[in-house]
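There are 4 protein chains.
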Amino acid sequence: MIRFDSDYVQGTHPRILERLLKTNKTEYPGYGTDEHVRRAKAHIQAACQAPEADVHLMVGGTAANLTIIASILRPHQGVISPDSGHISTNETGAIEATGHKVLTVPNTAGKLTAEQIRAMHDAHWAKGNREHVVQPGMVFISHPTEVGTVYTLAELEAISAVCREKGLPLMLDGARLGYGLAAIGTDVTLPDIARLCDAFYIGGTKVGALFGEAVVFPNPKFGQEFRYHIKQHGGMLAKGFLLGIQFECMFEDGLYFELGRHGVAEAAYLREGMLELGIPMQYDTKANQLFPRLPDGLVKTLLNDFTFHQWEKPNETETVIRLCTSWSTKRESVEAFLEAIKRG
Amino acid sequence: MIRFDSDYVQGTHPRILERLLKTNKTEYPGYGTDEHVRRAKAHIQAACQAPEADVHLMVGGTAANLTIIASILRPHQGVISPDSGHISTNETGAIEATGHKVLTVPNTAGKLTAEQIRAMHDAHWAKGNREHVVQPGMVFISHPTEVGTVYTLAELEAISAVCREKGLPLMLDGARLGYGLAAIGTDVTLPDIARLCDAFYIGGTKVGALFGEAVVFPNPKFGQEFRYHIKQHGGMLAKGFLLGIQFECMFEDGLYFELGRHGVAEAAYLREGMLELGIPMQYDTKANQLFPRLPDGLVKTLLNDFTFHQWEKPNETETVIRLCTSWSTKRESVEAFLEAIKRG
Amino acid sequence: MIRFDSDYVQGTHPRILERLLKTNKTEYPGYGTDEHVRRAKAHIQAACQAPEADVHLMVGGTAANLTIIASILRPHQGVISPDSGHISTNETGAIEATGHKVLTVPNTAGKLTAEQIRAMHDAHWAKGNREHVVQPGMVFISHPTEVGTVYTLAELEAISAVCREKGLPLMLDGARLGYGLAAIGTDVTLPDIARLCDAFYIGGTKVGALFGEAVVFPNPKFGQEFRYHIKQHGGMLAKGFLLGIQFECMFEDGLYFELGRHGVAEAAYLREGMLELGIPMQYDTKANQLFPRLPDGLVKTLLNDFTFHQWEKPNETETVIRLCTSWSTKRESVEAFLEAIKRG
Amino acid sequence: MIRFDSDYVQGTHPRILERLLKTNKTEYPGYGTDEHVRRAKAHIQAACQAPEADVHLMVGGTAANLTIIASILRPHQGVISPDSGHISTNETGAIEATGHKVLTVPNTAGKLTAEQIRAMHDAHWAKGNREHVVQPGMVFISHPTEVGTVYTLAELEAISAVCREKGLPLMLDGARLGYGLAAIGTDVTLPDIARLCDAFYIGGTKVGALFGEAVVFPNPKFGQEFRYHIKQHGGMLAKGFLLGIQFECMFEDGLYFELGRHGVAEAAYLREGMLELGIPMQYDTKANQLFPRLPDGLVKTLLNDFTFHQWEKPNETETVIRLCTSWSTKRESVEAFLEAIKRG
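Chains A, B, C and D, in that order, are what the protein sequence lines are. Under the working numbering, the first residue of the first sequence is numbered 1, with each subsequent residue one higher. Under the working numbering, the first residue of the second sequence is numbered 1, with each subsequent residue one higher. Under the working numbering, the first residue of the third sequence is numbered 1, with each subsequent residue one higher. Under the working numbering, the first residue of the fourth sequence is numbered 1, with each subsequent residue one higher.
Incorrect hints may appear among the rest.
Note: identical chains are not told apart, hence a pair may lie in one copy or across any two.
What the hints assert, rightly or not - Here are the simulated EDC-like pairs of lysine to aspartate or glutamate, each with C-alpha atoms no more than 16 angstroms apart in a straight line: (1) K300 <-> E316; (2) K330 <-> E258; (3) K300 <-> E318; (4) K342 <-> E276; (5) K25 <-> E258; (6) K25 <-> E332; (7) K127 <-> E225; (8) K127 <-> E312; (9) K330 <-> E27; (10) K300 <-> D5; (11) K300 <-> E312; (12) K22 <-> E35; (13) K342 <-> D305.
Simulated from the structure, these hints should not be mistaken for laboratory data.
Sequences and hints are given; from them, build the entire structure.
As structure tokens, then:
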């Protein structure tokens, strides 16, 4: 079985595993107060061109999302999100469990716009009895989005500008950020994100780490008491050095970016191959997720040898599937998939 | 610097790391739906002599505590805990953040008694206006406790009996369970715990795993929808196979118990050595934590070469410190500590 | 200024005020343990033809909604509601503040259907990874709805049947129930509601009481520990006898139903008057709310002498307004409004 | 049966009921946006000598406590309270249900001291791993306390000073404030409280209103978005004018203070009477609660004709009972109680 169902189907990049092996017998203090975490943070600050940024290493994406949001909002506030956002559709009410409503706006290919944010904000403050309604308190976006699209720099700048004008902290879910930064034709860099967002995280789990997400608060005021929040929500890893070692390894010499590029290159190859075979793509993705529309019979055949998500059913005879490539995707797997399509 | 400040100062047992290396290139499905998790669960069911038990692998102890408790209690209920319990003293209000009060009773060397549970339960139900007060809804104990003591089988049986009589699910925090099961003179076995408790977890993080706690619901009804709760609280590891591989390795042939015995043996050696040097112990611990009372000057000297917690200040001139040994403690480290005390 | 902006613009029906006067010097026990509450409950049980029903008197509607829902759901569950439901649109995230997501489905004139409930339930349970999504745990409807419509008995029976088949407790928000029961042509009675729902409340605030909502659990198992929940959420009135006196007065001889009929009669008169004047109605309401569509200029003129909500803006030149009549609406106010429209 | 079990055994002062009668047919806007609320606020600001104060009228004490605290704290913070505080002992976990721990310190006759606050604050900030523990975020006191004692001005000033030095907002539960302000020998005035606290409420329910608590934020920044919080927790009264009418009536010409003095005068008379009869008092109370220690047999006899709480059981043969007088206590009831004691 060849897996395209997610970007976390294998352990970790060999260089990271070696590093864990090498440090395995060293004794470290707990909870991320060690030297590897310190160095990882410094590398990340450098990569973000944000020397003042506060950086926190966490284990997973849902925990990062809920902890960041709960740490920023006041009780009567909610988070604006596209209706396709992971926090809205796919986290078992994790945000609501911290007491907050997710204020959804219709997505366009997984994205929301500066205008939608402005409109929701202004509509709230124009109301007479606004205290009867949840107050918009921050904005949540993903890059890449749930359907593999990426924001342009102009879009991000417009969103950031309206957020700052309206006093709405902007948070970016970067669970797949490595692939977003390597997306074909993207003009968005990590320093851009650090400049435009108030909180974001750099996903490790999906981009070559065993596990781990680096939460970044470019403006350190947001992160000041964040360790309390991590602990309260059960996210403080006892052996924090495991996170430090991994992120140090990924950011000391650009491994993270390299892994992102690999995942995108395999997706691009797979995409070109399918387009040549006449398979249409449901979303115009440039990162590591593909959404081809296939005849139902072919989908059934492919499931014998490959794993993937059945995403949407646009009509009676076809299914949109989601394919994820990743840092660990082998070219031979991609070729095998294309061959299987050819065979039909 | 030699570390006695916690039982999670090193990575993981070499056998586990080898296993991670060996499986590193295999592709797995996500979220713990893989074969390693399946096998790990079967091994744990066998070790617990509880073939019906529901087993869930989580990353850390605070998350296990808060998720178990939030999944069991109704909103108007609280959890009875000794006032020294980790959930009361040391988790940044994690239980309260899920909406529940921790109902503390005074501890005796870290433990509570069946009589205290009965008394708190009966006092509540004897009240006329009981709805003005939090209803006791379950019981939380640790084994070993925060101060390294262990329950006897008779104590556990009495606690379990009163809990069942009163309809209070009994939960046992086993973050250090490996050491508790190996404690000098203990008559409590893992099957005893599975027989007497409604929920408990087998701590991996402190007993040789990179990370991981195996949550066990001997009565599967408590675990039925537990995966929703794990996800909601941000505790669902994407690469769940990492937990499966570790727990499979620790439970397929008794490694877990061996590591527990090692930690206890080193603690016993250290304890004997200190007693011979005339150092009194504040708590009569038989597992892997020691609480010697030392002159302040000596504490200061020791801090040059060793790490440990300064636990209590019983008088003007002495300090009670906490020393943790573990699966990774080397005899030479213990000898070095005893030497340092001798040198004074 | 004549008020049509809500159904709670005046104090209370004179008979209730007299009763408060008459009992004002009597001493009562606290928290609703008095004889008036006892009698009020008995009258309500009788009116519901539900002698086993558990009845709790609360102060307001939002508190009733959030307390009922929080008392029924498990943490990982959400409440299915039409997207127009008060809990979704108008309660400042009160449900989310108790940790639960409101699972909205598109409304049809304020209502949802049995089929929508079945579809949402079945879609959830058909999923493979359902623990990544909030589990539907109960159903919320209003009668009358936010836009003044009422369910037919057939609709309610279908909803109740699917709820029972799927194990989803059905809750009915009856903030305006008095008007719903008196709605023109309705075939739904209070005993029907008690037979078909698992929880509902009979709104007093909007139907002639100073304040108060009678929460009814026809199946007493749902109400068993409800007083804890009321207290926890700050809803336990110290002088509970004030609620008892009011509901006793409203239910001992049918005053409640009479007040409901009055409000509906005035709405019907107003509706007929406007239809005769050629004013179209946006929703086909039969209870005490009307949603006429008026030219913007006329709306502006009317605002000089009347209060009402500007509900929707269907086009550039017209506005849909909401008019509420109530137990206290005077015929002369209705005539004055119709006159004002005629004058234009 | 003569009631001394609470200070809310009767409806309301006749003057308030008359006012409700007089305004009963007037039409008002909802949610406290009416002229009576406006005037009530102005009267309260004047009585507090705090013209900038933000004033919010709520229905009950538990709701006031939980809403104030939830509106002030950040998620990782708890509220310091004496262990006898109502929020700790008697509100069904209302504070925990909003996600916050109550950080208790031992009370001295119901009070805490400036030194205890300083000690708890400093102990937290002195810790190395403070993020593992709930951060003290505000201070809760009651005046009068649960056992009827009052703070001296010097005590309050010391508490306020340490709170301001440490950045801990100070909240005062004034459910019985009318009696506290009238306490024998007190040197604390309402303007003192407004000057020294960041949030407090003036209890109406126990001091002559039908219901109602006036929440005051002397520094309006704390109250700015408080209406959202009231609504979210279900505490926004639809007919807010009912609260406005009552507080206007109580504060326009000093009725509130007069009612407080009445309750205290009756308590003083009762206290003197009992002392003369040789009955010892457990707490040295100067407001409207008395805690006489009586032989168990006498308690049993008294329960035939009087209601009161059995508070503590200090020994085998005696019981401390709690007697509440109030604005509505009649001298003849007090005499009857003294007579009954004499008869034995």
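### Message
One pair to classify: K127 and E225, alpha carbons no more than 16 angstroms apart. Within, between, both, or neither?
### Response
Cα proximity of K127 and E225: across copies only (14 angstroms, versus 33 angstroms in one copy).
### Query
Can you tell me if K300 and E312 fall within 16 angstroms by alpha carbon in one copy, between copies, both or neither?
Close inside one copy (15 angstroms), not across copies (48 angstroms); limit 16 angstroms.
#### Entry: Copy assignment of K300 with E318, given that the CA separation must stay at most 16 angstroms
Only inside one copy: K300 and E318 sit 11 angstroms apart there, 53 angstroms across copies, limit 16 angstroms.
### Task
Classify it for me, K25 with E258: is the Cα-Cα distance of at most 16 angstroms met within a copy, between copies, both or neither?
neither (29 angstroms within a copy, 18 angstroms between copies)
### Query
Checking K342 and E276: alpha-carbon separation at most 16 angstroms within a copy, between copies, both or neither?
within (11 angstroms within a copy, 69 angstroms between copies)
### Task
With 16 angstroms as the alpha-carbon cut-off, assign the pair K25 and E332 to within, between, both or neither.
So K25 and E332 pass the 16 angstroms test across copies only (14 angstroms; inside, 37 angstroms).
#### Entry: Alpha-carbon proximity context of K342 and D305, limit 16 angstroms
For K342 and D305, only the intra-copy Cα distance (14 angstroms) is at most 16 angstroms; the inter-copy one is 67 angstroms.
### Query
How would you label the pair K127, E312 (within, between, both, or neither) given a Cα cut-off of 16 angstroms?
between (37 angstroms within a copy, 13 angstroms between copies)
### Task
Go through the copies and call it for K330 and E258: within, between, both or neither, with a Cα cutoff of 16 angstroms.
within (15 angstroms within a copy, 40 angstroms between copies)
### Task
Give the relationship of K330 and E27 under a CA distance limit of 16 angstroms: within one copy only, between copies only, both, or neither.
between (36 angstroms within a copy, 11 angstroms between copies)
### Message
At most 16 angstroms between CA atoms: does that hold for K300 and D5 within a copy, between copies, both, or neither?
### Response
Answer is within: at 15 angstroms inside a copy they meet the 16 angstroms cutoff, but 56 angstroms across does not.
### Query
Given a CA cutoff of 16 angstroms, do K300 and E316 count as a within-copy pair, a between-copy pair, both, or neither?
Within one copy only: 14 angstroms inside a chain, 51 angstroms across chains, cut-off 16 angstroms.
Comparing the model with each numbered hint stated earlier shows that hint 5 is the single one that does not hold.
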